[in-house]
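Input sequences plus hints: build the corresponding full structure.
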Amino acid sequence: MTARLVKTIILTLVCFAFVVPAKANWIGDVWHSIVRDTKRRHCWPEPFVCPDRNDVRAPFALMVNNGWRVQNMLADHHFVVGTGELTEAGRRKVRWVLTEVPADRRIIYVHRAEEAELTAERVDSAKKLAAKLIQGGGQPPMVLETGIPVRGWPAAEVDLINRKFEATTPDPRLPAPQSETVE
Numbered sequence: 000m001t002a003r004l005v006k007t008i009i010l011t012l013v014c015f016a017f018v019v020p021a022k023a024n025w026i027g028d029v030w031h032s033i034v035r036d037t038k039r040r041h042c043w044p045e046p047f048v049c050p051d052r053n054d055v056r057a058p059f060a061l062m063v064n065n066g067w068r069v070q071n072m073l074a075d076h077h078f079v080v081g082t083g084e085l086t087e088a089g090r091r092k093v094r095w096v097l098t099e100v101p102a103d104r105r106i107i108y109v110h111r112a113e114e115a116e117l118t119a120e121r122v123d124s125a126k127k128l129a130a131k132l133i134q135g136g137g138q139p140p141m142v143l144e145t146g147i148p149v150r151g152w153p154a155a156e157v158d159l160i161n162r163k164f165e166a167t168t169p170d171p172r173l174p175a176p177q178s179e180t181v182e
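Per numbering that gives the first Met the number 0, the very first residue in the sequence shown carries number 0; after that it's consecutive.
What the hints contain is simulated information worked out from the structure, not anything from laboratory work.
From the three backbone atoms N, C-alpha and C, an ideal C-beta is built for every residue, glycine too.
Worth double-checking, as some hints may not be accurate.
Said to hold, decoys possible - Derived DEER-like restraints, expressed as beta-carbon distance ranges:
1) R52 / D123: 30 to 36 Å
2) V29 / G146: 53 to 59 Å
3) K127 / L173: 55 to 61 Å
4) N65 / E114: 23 to 29 Å
5) E116 / P44: 55 to 61 Å
6) V55 / I160: 36 to 42 Å
7) W43 / L4: 31 to 37 Å
8) Q138 / D28: 36 to 42 Å
9) V29 / L4: 19 to 25 Å
10) L173 / G146: 51 to 57 Å
Dropping the structure here:
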C-alpha cells in the first residue's frame with residue numbers, strides 16, 4: 000500500500016512538472032499563493048465591504064448632487080422675458096447661492112433657453128452679478144448651463160389655490176358652554 004502511494008505521488012509530481020511552465024521559483028510562487036489565499040480567508044469580508052458600501056452610497060450621492068443642481072438653478076422666471084437680464088427674484092437667488100449655500104455647493108446653474116445666444120446672455124448676466132457680489136476679491140462661483148427640467152408651478156396658480164382654500168375655511172368659534180347639573 001505504501002509503495003503504491005509513493006508511486007502515485009511520484010507520478011503526480013512528474014506530471015505536474017511537465018504541466019507547470021519552466022519557472023525558476025514555481026514552488027515559491029505556489030506557496031505564496033497558498034499563504035495569500037489563507038490570509039484572505041481569515042480577513043473576509045473586510046476587503047469586500049468598502050467597495051460594496053461605495054456601490055450602495057453612489058445613487059444617494061447622485062441624488063444629493065441633482066438636488067443641489069435643481070436648488071441652485073436659475074430658471075426662465077429668473078430672467079426678463081426675451082433678454083438675459085436677471086429679475087429681482089434672479090438677483091436674490093444668486094445672492095442666496097453666494098451667501099447661504101455651503102461653500103462646496105456654490106455652483107449656479109442656468110436653465111437653457113431655446114436660443115443659444117439667449118442662454119449665453121443669461122450665463123453672462125449671472126457671472127457678472129456673482130463677480131459683483133463677491134466681497135474681498137474671492138473667486139466667483141462657477142456658472143454652468145443645464146438642461147434639467149424646471150419643477151414647480153406658476154406663482155399665480157399657487158396664489159389662486161391658496162386664496163380659494165382660505166375662502167372656504169370657516170370662521171373660528173368656541174364651542175357653546177355646557178351647564179353643569181348636580182344630581
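Per the hint of 36 to 42 Å, is the separation of the Cβ atoms of Q138 and D28 within bounds? For D28 against Q138, whose Cβ atoms are near 54 Å apart, the range 36 to 42 Å is violated.
For W43 and L4, compare the CB-CB distance with the range 31 to 37 Å and indicate the outcome. holds (34 Å)
Given a hint of 55 to 61 Å, does the C-beta separation of K127 and L173 actually sit inside it? Roughly 58 Å apart at Cβ, these two residues keep to the hinted range, so it holds.
Mind checking the hinted window 55 to 61 Å against the Cβ distance between E116 and P44? With Cβ atoms ~56 Å apart, the hint holds.
So the hint says 30 to 36 Å: do the beta-carbon atoms of R52 and D123 match that? The hint (30 to 36 Å, Cβ to Cβ) is violated, given that R52 and D123 are roughly 42 Å apart.
Tell me if the beta carbons of V29 and L4 are separated by a distance inside 19 to 25 Å. holds (21 Å)
Starting from the range 23 to 29 Å, see whether the pair N65 and E114 falls in it by beta-carbon distance. holds (26 Å)
Cβ-Cβ distance between L173 and G146: within 51 to 57 Å? For G146 against L173, whose Cβ atoms are near 55 Å apart, the range 51 to 57 Å holds.
Verify the CB-CB distance for V55 and I160 against the hinted window 36 to 42 Å. holds (39 Å)
Distance restraint hint 53 to 59 Å, applied to the beta-carbon atoms of V29 and G146: holds (57 Å)
In this structure, the earlier hints numbered 1 and 8 are contradicted, and the remaining ones agree with it.
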